[in-house]
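For reference, the chains in residue letters:
There are 2 protein chains.
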Amino acid sequence: MSFYYGVDIGGTTVKLGRFREDGTLLEKWELPTRLGENGKYILDDIAASILSKTVEAGGSPSQIQGVGMGIPGPILPDGCMEVGVNVGMRHAYPARELSERLGLPLVRCENDANVAALGEAWKGGGAGFSSIFLFTLGTGVGGGAVRDGRILSGSHGIAGEIGHTTVNLTETEACNCGNRGCLEQYASATGLVRVAQRALAASQAPSLLRDIKNLTAKDVMDAAKEGDSLAGEAAAVMGRYLAWAMSWVSHILDPEAFVIGGGVSAAGEFLLGLMREEYEKRTPMLSRKAELRLATLGNEAGIYGAVRLVLEP
Amino acid sequence: MSFYYGVDIGGTTVKLGRFREDGTLLEKWELPTRLGENGKYILDDIAASILSKTVEAGGSPSQIQGVGMGIPGPILPDGCMEVGVNVGMRHAYPARELSERLGLPLVRCENDANVAALGEAWKGGGAGFSSIFLFTLGTGVGGGAVRDGRILSGSHGIAGEIGHTTVNLTETEACNCGNRGCLEQYASATGLVRVAQRALAASQAPSLLRDIKNLTAKDVMDAAKEGDSLAGEAAAVMGRYLAWAMSWVSHILDPEAFVIGGGVSAAGEFLLGLMREEYEKRTPMLSRKAELRLATLGNEAGIYGAVRLVLEP
Chain P
681 MSFYYGVDIG GTTVKLGRFR EDGTLLEKWE LPTRLGENGK YILDDIAASI
731 LSKTVEAGGS PSQIQGVGMG IPGPILPDGC MEVGVNVGMR HAYPARELSE
781 RLGLPLVRCE NDANVAALGE AWKGGGAGFS SIFLFTLGTG VGGGAVRDGR
831 ILSGSHGIAG EIGHTTVNLT ETEACNCGNR GCLEQYASAT GLVRVAQRAL
881 AASQAPSLLR DIKNLTAKDV MDAAKEGDSL AGEAAAVMGR YLAWAMSWVS
931 HILDPEAFVI GGGVSAAGEF LLGLMREEYE KRTPMLSRKA ELRLATLGNE
981 AGIYGAVRLV LEP
Chain Y
681 MSFYYGVDIG GTTVKLGRFR EDGTLLEKWE LPTRLGENGK YILDDIAASI
731 LSKTVEAGGS PSQIQGVGMG IPGPILPDGC MEVGVNVGMR HAYPARELSE
781 RLGLPLVRCE NDANVAALGE AWKGGGAGFS SIFLFTLGTG VGGGAVRDGR
831 ILSGSHGIAG EIGHTTVNLT ETEACNCGNR GCLEQYASAT GLVRVAQRAL
881 AASQAPSLLR DIKNLTAKDV MDAAKEGDSL AGEAAAVMGR YLAWAMSWVS
931 HILDPEAFVI GGGVSAAGEF LLGLMREEYE KRTPMLSRKA ELRLATLGNE
981 AGIYGAVRLV LEP
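First to last, the protein sequences are chains P and Y.
In terms of the working numbering, the first sequence opens at residue 681 and continues consecutively.
In terms of the working numbering, the second sequence opens at residue 681 and continues consecutively.
Errors might be hidden in some of the hints.
Copies of the same chain look alike in the list, so a pair counts if it fits in one copy or across any two.
Once the Cα atoms are required to be at most 20 Å apart in a straight line, the calculated SDA-like pairs of lysine to any residue come out as [as the list claims (entries may be wrong)]:
#1 Lys969 with Cys857
#2 Lys969 with Asn859
#3 Lys733 with Leu715
#4 Lys961 with Asn848
#5 Lys708 with Lys733
#6 Lys695 with Gly716
#7 Lys708 with Thr734
#8 Lys961 with Arg860
#9 Lys733 with Leu706
#10 Lys803 with Asp725
#11 Lys720 with Pro886
#12 Lys969 with His771
#13 Lys969 with Leu952
Quick caveat, the hints were computed from the structure, so don't treat them as lab data.
Please model the complete structure; the sequences and the hints are all you need to start from.
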């Protein structure tokens, strides 16, 4: 019996999955993310949990064949995480450190957005395409590129970090990254709400959104679908900037398909519809356009992609 | 004795080089580009020229080991050039067609800008870096990405076509591609002249450029270096848009270095200086920035990159 694990480390929980060699998910569970000591507790907890799950399932530690991890933040080509703000790591080597705890040579680690892209490319909305670019529209905007089953990772660990490309040189509010006008300020869940709130404040136009306290991205998308014009304009801004970013990715990487995931992608075909026309307009050189698909793995994309790191041929 | 050839097909001339297996350029020459018959004459001329050069050099056709070609236009992954405007090809398979003429299995063909990037990555300004992105600033703006010695070619043949990314949503003049606000409209030789001429027409400010007939990009760059403020502003516009495009490439591909080539790159360090600050500002997530280098192979980049296609390990 062989044991393979995929691990998706987040700022509040660690998601884990046990897989068969053929990529079948056998069980999944979560741990709380214990911060502190430069990530020591996170890796201790993951190692202990993997060992105990292996034994519970009737195996022994020597039957663990590989563990893949996704982790939020840039990972350098040598495996170093210089700064992982959400997981409290600095100059850490998470793959090497977990490998030592498990006495296991095959531990691999990549940026979480890239790992999610690998998961979607393998088993999700990107399955069947030779190359994809995933946009993850959540609290922030993440991205990752996969070609021929492999993550396109960068020289400095920021390949796919599309959320912090500048799309608006005239923005006055600052992004979390310190810059102004990042894609994330318009196309994330928080960005969509921000744009809608600004529009609400700037006009007296009637809107379904005026009665909602604690406005969410879903509220904006739902109202837009119902024909609310203020919500529709906020959604259109999101769609236009996303489409523009897609056109850059096409001109630089030229993937076969785009896959759209993250919480905001629950808006489904309506969201894709907001992007399609502008994307086509911005890619006149592209006689055959990239396909546009929704992600299908939800928050399992990370564990699928992570285990794929150690199941690659 | 083994014969390797690199061929760089342009709209007016075809550049050819004969190489040793170790990549040493032994001789180079040019042919006029004979248009017509869907590229038939071009490939006839190349085949005849390669055969005669081989015999002249004391070899026989059976000693030709490989021919690589760069060709202007998108090449699909199956080798099809759907439309190559400058070389008059439509639904052509240039590599296969040259292979048939020469009775040689190893003929490869890629887009010319990607091939130039491969040349610079191998023997030029990008040598020593594991991944580069080349900007070619000539009549248009070309681009190409190389990682671990291989071209990153796209699914629809437009990877690296950075010249037709939109950088200005408010541009009123049209680009050759039909869109408005493409990078090429600001950062090519013709784009730089266009921006300077618009500035000259829009103001009465004194400028060295006012006395020059048939203004060239070199005139604008030279005047900018001498402190001419109108020329300096045109050059700054070019630098800012290029830097912005570099920041997209960093967030999407994250190359180790950028290499700047093409006629406008003769402006040297002055040009790089126009780009550096804006690039750093637009990449706050990038703790270590990509290096910025000038191309060194001039118009031999194409033949070097082309032969590299058939010398790859």
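- [ ] State the violated hints by number, sorted upward, taking the hints as numbered earlier in the document.
- [x] Result: hints 3, 10, 11 break, sorted rising.
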